[in-house]
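Residue numbers (our numbering), protein chains in the order written: chain A, 1 to 210; chain B, 1 to 257; chain C, 1 to 486.
You may find that some hints are simply not true.
[As the list claims (entries may be wrong)] Simulated pairs of lysine-lysine, DSS-like, Cα-Cα distance not exceeding 27 Å:
| hint | chain 1 | residue 1 | chain 2 | residue 2 |
| --- | --- | --- | --- | --- |
| 1 | A | LYS123 | B | LYS254 |
| 2 | A | LYS207 | B | LYS254 |
| 3 | A | LYS123 | B | LYS126 |
Derived by calculation from the structure, the hints in this document are not laboratory data. In this text the structure is predicted, and so the values were computed from the model without any measurement.
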Amino acid sequence: MKKETIVLLWIFGVMALNLTSCKDKGFSETEPASCCSSSPIMEEAVTDLPDLSVYHLEGSWKNQLGEQVEMIDFAGVPVVLTMFFSHCEYACPLLVHDIKEVENKLENRKDEVIFVLVSFDHKRDTPERLKLYAESQGVGGNWMFLHGSASQIKSLSVVLGINYEELENGQFAHSNRKLVLDRDGVVVFQQDGLQTKAEPVVSALTKLLH
Amino acid sequence: MRSFGFNNLWLISLLWLYSALLYSQSGEMVRIKGGDYMPFIKGQTDQVLVNSFWIDTKAVTNADYLQFVAANPQWSKSQVKRIFADENYLSHWNLEQEGTGRFAELAPVVNVSWFAAQAYCEWQGKRLPELHEWEFAAKALPVENQFYDSLQRIISDWYSNRLRNNFEVGSLYQNTYGAWDMHGLIWEWVYDFNSITMNDDGRNQEEMPEGLFCGSASLNANDATDYASFVRFAFRTSLKGNYSLRRLGFRCAKTAD
Amino acid sequence: MNKLTSTYKPMLFLGAMALILMASCNSHSNKKGSDVLPLIKGEVVAELTAAPFVPPPIDAKSNTKVVVELEIIERVMRLADGVEYNFWTFGGVVPGKFIRVRQGDLVEFHLHNHPDNMFPHNIDLHAVTGPGGGAEATLIAPGKSAQFSFRALNEGLYVYHCATAPVGMHVANGMYGLILVEPLEGMPPVDHEFYVMQSEFYTTGKFGERGLQEFDMQKALDERPDYVVMNGAVGANTGENAMIVNVGETVRLYLGNGGPNLVSSFHAIGEIFDKVYIEGGSLYTENVQTTLIPAGGSAIVEFKCEVPGTLHLVDHSIFRAFNKGAIAQIKVVGEENYDVFTGLQKETVYLPEGSAIQKVGKERTEAVDEAPVRTLEERMEKGRALYTQNCLACHMDQGRGVPGVFPPLYNSDFLQARDDKGIGIILEGLQGEITVNGNTYNNIMPAMQMSDDNIASVMTYIFNELNNGGGLLQASEVREWREKNQ
């Protein structure tokens with residue numbers, strides 16, 4: 001069931017990719033050849049990734065299925081983005097709960113949105129661990145849990161304005177921020193705190209879904 | 001417009017490269033032996049172990065940075081992405097003739113964002129110093145006057161606006177580790193400027209690290225009278241990664257073997 | 001609302017409902033009493049003023065959006081004559097610029113941190129209902145701006161200040177000011193409104209030590225300020241810069257205390273406050289001599305100026321006033337009103353043990369006793385102690401005086417030009433306009449109750465220690481003068 005959804009998501013994601021994702025990757029050195037050669041017309045259309053797009057961040061992440069993901073792969077779909085870690089006992093479960101609320105409130109449109117949770121904990125949150133975590137949370141295939149290198153995590157956190165520090169016991173102190181990214185990867189809304197209201201996030205997403 | 005500036009850049013930057021090599025010994029580093037130190041903001045323990053590291057003896061200069069921009073045009077004023085550097089990026093460099101501006105070669109480069117600084121350091125095979133590394137290096141006393149008070153004097157002179165005429169790197173003081181002008185010239189980026197220390201798990205955490213501007217700061221500070229450090233930590237808290245500020249530059253570091 | 005023509009009627013209805021609710025709430029209008037916020041019509045840009053001036057009330061009938069633009073500037077300015085300080089300011093001045101809005105207004109606040117500044121800053125307005133009074137929303141690096149909006153829910157006079165760590169240092173460097181939230185219909189009319197804010201400065205050098213002074217953290221911790229000032233500098237509003245009103249006019253003072261540490265015992269020498277809005281709130285009391293203004297607090301005082309003269313606004317913790325600078329002046333100009341105040345009518349000696357009160361030289365009993373001859377060393381030693389007891393409070397350490405208020409005694413051309421060696425001044429006092437070392441003073445020095453011997457000592461001290469040409473005065477000379485001028 002879950003796997004099916006993930007596959008569906010990926011079909012959808014690939015479609016989105018084909019439609020919109022031949023981006024100007026800035027200074028990326030390893031641009032997949034398949035991307036831009038196949039669809040030159042589209043390339044013209046998307047070289048104008050806005051200056052403020054988070055998707056200018058290069059680098060490859062791994063999702064809970066062990067697949068390679070780049071930020072730019074999310075282009076074309078509204079995204080709810082946050083950073084967390086799976087060994088987190090208090091804040092992150094609430095954060096995940098908040099996002100589930102958002103998903104519920106989206107009702108039949110929830111599959112048009114991707115929920116991306118990037119881990120602070122590059123040592124412990126391997127794709128395998130993230131898979132277990134995703135299953136334990138019982139979330140659908142439109143949830144993406146990402147593992148990256150320490151420097152990728154740092155750069156993303158700086159772009160998103162999320163503060164964090166690794167503590168000596170291996171835990172992380174961190175901001176609790178949820179962000180909504182538009183189809184170009186520009187932050188259009190952010191919400192700080194825990195046990196927050198879902199409505200503002202939902203309404204930001206709804207605008208993007210029109 | 002854009003391409004004009006860009007073409008010129010190469011020519012001019014070659015000249016600058018030459019002069020820069022003549023005048024600056026850019027990138028010279030010093031190895032700092034690690035050890036325990038007491039950070040200003042308390043974490044779970046009072047002591048933090050800093051591993052040995054290398055750090056640039058001087059802040060990166062305009063001349064240094066020009067070479068970087070020449071080699072990496074995506075970091076030129078005209079091509080840089082706003083998400084990585086705001087509108088003030090290199091705003092002290094003359095706009096029409098990018099890189100030829102009216103700035104002093106040996107002055108520390110300022111108006112550079114965290115991303116730009118980080119990219120520069122990576123280009124040099126280095127990285128930005130971590131906060132604890134920077135603080136560790138910066139607490140060393142001036143070679144010529146090895147008293148705690150003399151270091152505090154430099155900081156308070158700087159804070160009270162007495163040091164405006166010192167603008168070249170290596171002009172103010174060298175500390176016992178061999179690093180120049182860790183205080184008194186500019187603020188400097190650190191790699192993890194966005195780290196914050198608060199409760200485990202973030203449970204009592206307001207979104208802004210409130211500790212840095214409310215009363216709770218004094219509860220977390222190791223020395224509540226150390227206002228110089230307070231100011232420095234508050235400054236870092238006010239930053240975002242794409243900020244390019246007139247008094248904010250950087251130097252690079254490297255992990256020691 | 002006007003734009004939404006299709007929903008005009010229901011909106012109008014809702015608007016009317018809101019007005020009704022508002023009106024019902026207005027009976028206790030200075031409190032948060034209702035969840036219904038008044039409607040906002042139009043937009044104005046707030047006029048901000050530097051002390052001692054107060055902006056005019058907003059000229060609009062209903063609540064409006066008020067746009068406030070406040071720029072943070074770090075700059076070196078005068079703290080006292082010959083003394084400079086690197087102030088951190090709201091609006092380029094200390095205290096920060098005065099903000100005036102009305103209860104119910106929507107304030108859109110824009111805070112700018114000048115790019116040349118070195119430090120991050122923010123603002124906490126005590127008039128804000130919300131986290132940190134805006135502090136969290138406004139923490140900005142140099143070269144950045146922050147914007148947030150708030151409803152001015154509660155009437156009153158509120159302090160605002162920077163709340164960036166280390167908070168004490170930001171406040172100690174000058175980052176405070178006042179925001180008035182007045183009733184929609186405005187404050188009752190008066191002839192003059194002024195803005196006076198007290199605060200302290202902690203400098204590495206002592207009071208008056210020349211040059212660019214630095215912030216001294218230890219003194220701030222110990223709460224030992226070198227300067228306690230009204231409106232940001234010693235003598236900011238004294239002498240030529242005094243506030244000026246006419247006899248018969250009413251005055252309202254918006255008073256604040258920026259601290260960072262001290263509580264002010266605010267007093268106007270020569271005036272009684274007819275009305276004091278305690279701590280800047282809605283409750284007022286009448287006929288007050290001295291009102292406490294807490295650090296980070298305010299007061300509104302009102303009085304009528306019945307007679308001419310100079311009112312000294314002081315912190316009546318009085319050493320702060322006479323030794324650290326906490327004085328501002330209001331000059332009341334106009335005709336004397338002897339029915340209210342006569343000035344000195346007659347001076348007599350009071351001798352409880354005698355049956356008759358005689359009009360004779362002061363201190364006669366002591367004066368006739370003895371006129372000992374003393375050495376220069378003896379006179380200097382005695383004179384030093386006498387100076388500290390009797391003269392220092394006004395003429396200050398080393399005879400520096402207080403600019404515009406008390407003339408200096410150090411190298412005083414006025415003193416040196418007199419042929420009585422100053423004896424007459426001590427015995428008879430002095431009042432009216434005089435010129436000392438090029439500056440005019442118009443103040444009153446009372447006659448001093450001193451023996452001839454003591455007068456000889458203190459004047460010897462003043463002539464030698466304070467660089468007035470030296471010399472040794474003996475008690476006999478004082479007695480001679482006294483007899484001659486009886």
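Now the hints, each set against the structure:
no. : hint                : verdict
1   : A:LYS123 - B:LYS254 : 21 Å, holds
2   : A:LYS207 - B:LYS254 : 46 Å, violated
3   : A:LYS123 - B:LYS126 : 22 Å, holds
Hint violations for this structure: number 2 only, all remaining hints satisfied.
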